[in-house]
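Chains as they are written, first to last, in this note's numbering: chain A, 1 to 492; chain B, 493 to 1168.
It is worth saying that the hints were derived from the structure and are not from the lab.
For clarity, every value in this text was computed on a predicted model and none was experimentally measured.
Please note: incorrect hints may appear among the correct ones.
[Stated by the list, open to error] Computed, partial: chain B to chain A, Cβ under 8 Å:
1) I513
2) F554
3) T557
4) W561
5) F634
6) E638
7) I658
8) L666
9) V670
10) L676
11) A680
12) D1116
Using N, Cα and C, we set each Cβ at its ideal position, and we do this for glycine too.
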Amino acid sequence: MDWPILSLSIWVPIFAGVLVLCTGGDQNARLARWLALFGSIAAFLVTLPLYTHFNMMDGGFQFQEGHRWITSFNINYHLGVDGLAVPLIILTSFTTVIVVIAGWEVIEKRVAQYMAAFLIMSGLMIGVFAALDAILYYMFWEAMLIPMFLVIGIWGGPNRVYATIKFFLYTFIGSLLMLVAFIYLYHQSNSFELVDYYQLPLSFKAQILIFLAFFMAFAVKVPMWPVHTWLPDAHVEAPTGGSVVLAAIALKLGGYSFLRFAMPIAPDAAHYLSGFMITLSLIAVVYIALVALVQKDMKKLIAYSSISHMGFVTLGFFIFNPLGMEGAIVQMISHGFVSSAMFLSVGVLYDRMHSRQIADYGGVVNTMPTFAAFAVLFGMANAGLPGTSGFVGEFMVILGALQANFWFAFLASTTLILGAAYTLWMVKRVFYGEIGNAHVAALKDLNRREFFILSVLAVLVIGFGVYPHPITEMTHATVNNLLAHMAQSKLL
Amino acid sequence: MTDMQTIYLLIPLLPLVAATIVGLFGRMLPRAAAHWLTIAGVAGAFALSVVVFNDVLQGRVFNGTVYTWLTSGDTSFEVGFLIDRLTAVMMLVVTFVSLMVHVYTIGYMAEDPGYSRFFSYISLFTFSMLMLVMSNNFMQLFFGWEAVGLVSYLLIGFWYTRPTAIYANLKAFLVNRVGDFGFLLGIAMVLYFFGSLDYAAVFSIAPQFADATVSIIPNTEWSLLTVICILLFIGAMGKSAQVPLHVWLPDSMEGPTPISALIHAATMVTAGIFMVARMSPLFEMSTTALSTVMVIGAITALFMGFLGIIQNDIKRVVAYSTLSQLGYMTVALGASAYSVAIFHLMTHAFFKALLFLAAGSVIMGMHHDQDIRNMGGLRKYMKITWITSLIGSLALIGTPLLSGFYSKDSIIEAVKLSHIPGSGFAYFAVLAGVFVTAFYSFRMYFLVFHGKERWMEKTAHAHDHHDAHADDDHDEHHHGLGPHDKPHESPWVVTLPLIALAIPSLVIGYIAIGPMLFGNFFDGVIFVDTEAHPVMHELAHHFHGAGAMALHALTSLPFIFALAGVVLSWFFYMKRPDIPAAIQKRCGWLYRLMENKYGFDTFNEKVFAGGSRFLGGKLWGIGDVKWIDGYLVNGTARLIGRISGIIRHLQSGLIYHYAFAMIIGVFLLLSLFMKV
Chain A
1 MDWPILSLSI WVPIFAGVLV LCTGGDQNAR LARWLALFGS IAAFLVTLPL
51 YTHFNMMDGG FQFQEGHRWI TSFNINYHLG VDGLAVPLII LTSFTTVIVV
101 IAGWEVIEKR VAQYMAAFLI MSGLMIGVFA ALDAILYYMF WEAMLIPMFL
151 VIGIWGGPNR VYATIKFFLY TFIGSLLMLV AFIYLYHQSN SFELVDYYQL
201 PLSFKAQILI FLAFFMAFAV KVPMWPVHTW LPDAHVEAPT GGSVVLAAIA
251 LKLGGYSFLR FAMPIAPDAA HYLSGFMITL SLIAVVYIAL VALVQKDMKK
301 LIAYSSISHM GFVTLGFFIF NPLGMEGAIV QMISHGFVSS AMFLSVGVLY
351 DRMHSRQIAD YGGVVNTMPT FAAFAVLFGM ANAGLPGTSG FVGEFMVILG
401 ALQANFWFAF LASTTLILGA AYTLWMVKRV FYGEIGNAHV AALKDLNRRE
451 FFILSVLAVL VIGFGVYPHP ITEMTHATVN NLLAHMAQSK LL
Chain B
493 MTDMQTIYLL IPLLPLVAAT IVGLFGRMLP RAAAHWLTIA GVAGAFALSV
543 VVFNDVLQGR VFNGTVYTWL TSGDTSFEVG FLIDRLTAVM MLVVTFVSLM
593 VHVYTIGYMA EDPGYSRFFS YISLFTFSML MLVMSNNFMQ LFFGWEAVGL
643 VSYLLIGFWY TRPTAIYANL KAFLVNRVGD FGFLLGIAMV LYFFGSLDYA
693 AVFSIAPQFA DATVSIIPNT EWSLLTVICI LLFIGAMGKS AQVPLHVWLP
743 DSMEGPTPIS ALIHAATMVT AGIFMVARMS PLFEMSTTAL STVMVIGAIT
793 ALFMGFLGII QNDIKRVVAY STLSQLGYMT VALGASAYSV AIFHLMTHAF
843 FKALLFLAAG SVIMGMHHDQ DIRNMGGLRK YMKITWITSL IGSLALIGTP
893 LLSGFYSKDS IIEAVKLSHI PGSGFAYFAV LAGVFVTAFY SFRMYFLVFH
943 GKERWMEKTA HAHDHHDAHA DDDHDEHHHG LGPHDKPHES PWVVTLPLIA
993 LAIPSLVIGY IAIGPMLFGN FFDGVIFVDT EAHPVMHELA HHFHGAGAMA
1043 LHALTSLPFI FALAGVVLSW FFYMKRPDIP AAIQKRCGWL YRLMENKYGF
1093 DTFNEKVFAG GSRFLGGKLW GIGDVKWIDG YLVNGTARLI GRISGIIRHL
1143 QSGLIYHYAF AMIIGVFLLL SLFMKV
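Pulled out of the complex, with its shape left as it was, chain A reads as follows (with noise of 0.2 Å):
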């Protein structure tokens, strides 16, 4: 395999994007449909090599490239993965592909813009995933949240404004945090190879203050609470598509970026402050259920409830063992189904009602019958239920959980309660009992194409549920490996 495998993943669908935009106006959506269906299909299946090519038993960087860049800061263009990114970046390229499917019909203005904007920034996605030098990964991270802030700020919703400024900030603050980082870090070791940085020893303090200034930067992304306050305004606002990406991957950077940078390069601070990482994670854990509970929108309801996922990523990190940690990895995987699926079945909703509140739906199920078996399924899913991918990563989280410490498990495990409580009661007051009004009344069902996507990932959530080995294994070998790393005091 002498292909750039990495380097297409990244590029091809940039470069798809690009010429998606080159068709301009909306005279031309046909074809800017169809360009960017190929472009993302394309941009999936060169993707695909990186699972049927990789060592499972190889727990260090493979399908390496190498290339200088800018030798006056020893800046190289070095592409790597391990298990942990793959599984990340197919899951990044196949989500593009829902995406484009999902938008179809139903984005009318700006079509090209829209497509190209999701190739794009599903390139520089992969691009975050797949850089190991600090500089290029810092481009890719910054760079990522121009397209989605154009999505959500052109194709949002009435506050959209508000949204996505909220969203820059927020985010953009504790990048640059991340930033002060790597340049301290290449003052140490005069190289942004993330490599280096493994092998770097540094005294406490400076770990102390490395952990904290990553976790600025990867918390909001996560997001972890209290720094979570932009993610619901941002689902409420953007159009389904920008959700999806912002649900299924988005976050996945955050949660990536943590077992990526933070931890291994400042492993003595990650242990000393695993305390405090817990415990805000248990907090996002049963605090967000508990606010997910009393949401009326159903999108900001689906939002909390990510974040309140996203706490068992963090909490399986923290607690330093394997089941944690692949727990926590195959719960990103998992939440990238299910959060999409969540978020297009409200698209779906939306698309007839143009209504995103509980309130105003009622009896779906009488009409649209076979949408709403899929609502149970993805509820059930993300109610953590056996058999689909939503159980296998928090049960593992809580297993692990309980080898740390009693009552993490017991704090995390309420999940099964909340979760449920918060899930299945939008459940039975948007889907069942007698047709709620007039509009309801007059819902038809899933046409082909919504079908479809939701028929994909259904298949997708119930089989990693029957059957996740190919994710662990795959993350395996990485995180023996991580976690005999972060065994060892770096300390000078």
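Model the placement of chain B on the given structure of chain A, informed by the hints.
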């Protein structure tokens, strides 16, 4: 793969495949295809279960992995089967009752628009339940555990337009999740301390931890096995509806009657009993846990029985009866009489499924009126339903020679012999329970099948439901008989399962008690620490054959109590109906307490549901909106805005302002340097 292994695999897969086909393509298939496909699947599973049962009778045990679910660290999670005699009994019961319910459904749901959906669900249930009982590890057990919960949720809410149904199914799911919360923690403890989730590995390593303690709350030491067993039992309390997690079961009667028989009487609700019996090697090591189990079971057995007395909805009477009988099984578990619990589970599955299906037949005959006060004298119109109901009721109250007698009497005897803390109370509860059971069972029986034909004059009680949530329930499912209608016997697809269930209700106890309780049937499957808990050992001494047991019982307390219950109910409801009415009037507070089901529902609704919503609202309104967004986020923005608003004035754009500032600046700098 050997032939037997293929069979093991086929047993759960046949119903799953049928459920999937009917579920996905139900609307394209003719109605008959829906029931033929699923019946074929379940019948196949039943036939193969018989093969498996014969195989395990030869003494063979299978314990093997089907596939690796996932691996993490050194832990491997697998999907696999453990086929021993306990499993085989459960498989037979599940597939047989399920098959009967499938056939019955053809008649019961004949006019329902959700016909194929219903068949898909009950086949899916059969698959889930089989996965639960056939599991060889805790992970798959938990999968089956929650999967049956899912199907229960779907089926309770089957008539999704009814507000009571969709309230009940959400409630059932959430209450079960409370149980699962404990269950999952128990599983996590098992993995942490024993290093595996595989039954065989856990049971072999657990004795090394017999004296181990854990300190969950600092400075307190609890026995590890007690903690694990109680956590696991919390799961059983949810699924098997033990006080205080019983609240979902009466409401689950909102589901169609066939599933009340299958899920909420015969099989799913007994999953907790099965689980504890399966975990007997663990529970045997903790007398504290066994005491807890016994006391909880005793409370359920007696106090839920009381509630059966005041119910007027035919299904709710049977539901409370189920709760009470589940309590009996739990008491048996607490007394270390696991085999007796499984025995009662089996006999109960037959006669309670029979009673539910018979109740369904009555409901059909009454045109979907479920109020027993509107019935009476039905024996003339529904002969088969009448006779089979009588058999079911007699079996339930423990009439000698019938199946329920053998299992229930054994429970009472076992509790009598038990000496663990709480056994005194439990003995009193199960003995008193016998009277209560006989009383409410025959109250229902007399009111339904004997006496005046009250449907002519039913206006008085029409739609007088006791459940507050049922008040708005006036749709087509509850219209009842018109003044000139007559009840009618149900079609053969309904009566055939009644007869098929009546036969084991009559004879299974007599046949099975010897081998199951006192033979070596459960050797190597159920473990009893004979020295610490010698109950079964002593019970065996008193046993001299099934016939002798029945004969001996005629002079025993339980029989007298049961007889008294029947006679009193006859006297109250046939002879002097004014007396219960007078009692109801005199003891209003007691009646109200019971009518409110001891206030559990109100408490849960106010404290847990209301409390969470209140807390969630406050956390959102004060935490997120006011503090984080209001003060921190927007506050920061405002602060910056205000500061820059002030600083803005410096940049006035007037040259003389700038010139002045420069002069001041030069002056300050100069004076600073001059000083040095």
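Structure-based check of all given hints:
For I513/B, the interface hint is violated, since its Cβ never comes within 8 Å of a Cβ in chain A; the closest pair sits about 15 Å apart. Interface hint status for F554/B: violated, as the beta-carbon distance to the closest one in chain A is roughly 22 Å, over 8 Å. At a threshold of 8 Å, the smallest CB-CB gap from T557/B to chain A is about 13 Å, leaving the interface hint violated. Interface hint at W561/B: satisfied, since its Cβ lies 6 Å from the closest Cβ of chain A, which is below the 8 Å cut-off.
At a threshold of 8 Å, the smallest CB-CB gap from F634/B to chain A is about 6 Å, leaving the interface hint in force. Given the 8 Å rule on beta carbons, the hint for E638/B holds: about 5 Å separates it from the nearest Cβ of chain A. About 4 Å separates the beta-carbon of I658/B from the nearest beta-carbon of chain A, less than 8 Å, and the hint is met. For L666/B, the suggested interface contact is upheld, since its CB lies about 6 Å from the closest CB of chain A, less than 8 Å.
Because the closest C-beta pair between V670/B and chain A is about 6 Å apart, less than 8 Å, the hint holds. About 6 Å separates the beta-carbon of L676/B from the nearest beta-carbon of chain A, less than 8 Å, and the hint is met. For the restraint placing A680/B at the interface with chain A, the shortest Cβ-Cβ distance is roughly 4 Å, inside the 8 Å limit, so the hint holds. Hint status for D1116/B relative to chain A: holds, with the closest Cβ pair at about 6 Å, below 8 Å.
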